[in-house]
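Chemist: Sequence:
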Amino acid sequence: MTDVLVLVEHGEGELKNTTLELLTAARVFGTVGAVVVGAPGTAEKLQSKLAEAGAETIYAAESDEAESLLITPSVDAVSGLAAHLQVPVMISSTATGNEIAGRVSARVASGAIYGVREVEADRSAKVSIFGGAFTVTSSAAGASPVYTLYPGSVDPEPQAASGTLQEVELPGAGPTAVKITSFAPAEKADRPELAEAKIVVSGGRGVGSAEGFGDVVEPLADALGAAVGASRAAVDAEYYPGKFQVGQTGVTVSPNLYIALGISGAIQHKAGMQTSKTIVAVNKDEEAPLFEITDFGIVGDLFEVAPQATEEINSRK
Numbered sequence: 171m172t173d174v175l176v177l178v179e180h181g182e183g184e185l186k187n188t189t190l191e192l193l194t195a196a197r198v199f200g201t202v203g204a205v206v207v208g209a210p211g212t213a214e215k216l217q218s219k220l221a222e223a224g225a226e227t228i229y230a231a232e233s234d235e236a237e238s239l240l241i242t243p244s245v246d247a248v249s250g251l252a253a254h255l256q257v258p259v260m261i262s263s264t265a266t267g268n269e270i271a272g273r274v275s276a277r278v279a280s281g282a283i284y285g286v287r288e289v290e291a292d293r294s295a296k297v298s299i300f301g302g303a304f305t306v307t308s309s310a311a312g313a314s315p316v317y318t319l320y321p322g323s324v325d326p327e328p329q330a331a332s333g334t335l336q337e338v339e340l341p342g343a344g345p346t347a348v349k350i351t352s353f354a355p356a357e358k359a360d361r362p363e364l365a366e367a368k369i370v371v372s373g374g375r376g377v378g379s380a381e382g383f384g385d386v387v388e389p390l391a392d393a394l395g396a397a398v399g400a401s402r403a404a405v406d407a408e409y410y411p412g413k414f415q416v417g418q419t420g421v422t423v424s425p426n427l428y429i430a431l432g433i434s435g436a437i438q439h440k441a442g443m444q445t446s447k448t449i450v451a452v453n454k455d456e457e458a459p460l461f462e463i464t465d466f467g468i469v470g471d472l473f474e475v476a477p478q479a480t481e482e483i484n485s486r487k
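Numbered as in this note's numbering, the sequence shown ends at 487 without a single skipped number.
All the pointers check out, no bait thrown in.
Within a straight-line C-alpha distance of at most 27 Å, the following computed DSS-like cross-link-like pairs (lysine-lysine) qualify: (1) Lys368 with Lys296; (2) Lys413 with Lys186; (3) Lys186 with Lys447; (4) Lys368 with Lys186; (5) Lys215 with Lys186; (6) Lys349 with Lys413; (7) Lys219 with Lys186.
Label-pair restraints from in silico Cβ distances: (8) Glu339 with Ile463: 43 to 53 Å; (9) Glu408 with Gln329: 37 to 47 Å; (10) Ala209 with Asp471: 46 to 56 Å.
It is worth saying that the hints were derived from the structure and are not from the lab.
By construction, the Cβ of each residue, glycine as well, lies at the ideal position given by its N, Cα and C atoms.
Make a model of the complete structure from these sequences and hints.
Modeler: Here it is as structure tokens:
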């Protein structure tokens, strides 16, 4: 029996960390079913890892064209299963995940709650609103409410399950299906992926230039094995690429350690990182709003503080 469905995120034969988070959070509803959409054989490759993570049943929604169609196969698979099983659905809160969630909720005539931080057994969910200023409890109507979970909201906890494979037939591409004609994978970097990193070092307007990121922010991140982030102000000033923007209009992160260098702490930035386990900020302005939520605040020149920290960390390796 399946009590909740989780849409699996995967790539190059590996599970995304967001999937492990979803499988952990979904257990509050009961027995978890994992939906794998991809080319034939994809689910079998992921079977053992999904079983270790807590998937009791693995629904293999596979076809030769599944990876060449945009979103549609995932919507078809999840909505079909949800309508049949009448159970909640959990999807990662990404641009693609939110798009899938909206379409699934429309098909199964149930509500959708986006950007969830936590779900409860009574099907309610905790959501941050107004840029993270408030946390509210929300509920969605219908037999199969859909939730999108913010990456980093849950610490993955393995729980062995049977991981039984069950095939799911996907319908063919309809007249409105969008086909992917070419695909270029993102270049792999030496640093962790921002959304899934356990440590993030971010720079803001106070870094002053693109060179400042290369001289101060990146060395500290590399010393810690961290991902690099940037505030919207830094991105707008073209100090760092937009794909590394942390905030309400960028990437939401929730690492074990978040270090902010020269970031004042606008509400949209705080909304994207305030659930970090430990927050450290370095800023010349002792009135910087970010200090309101930091665990450790340093009032000082980041060009003096950060290099000293980098040197000390490297000396202890």
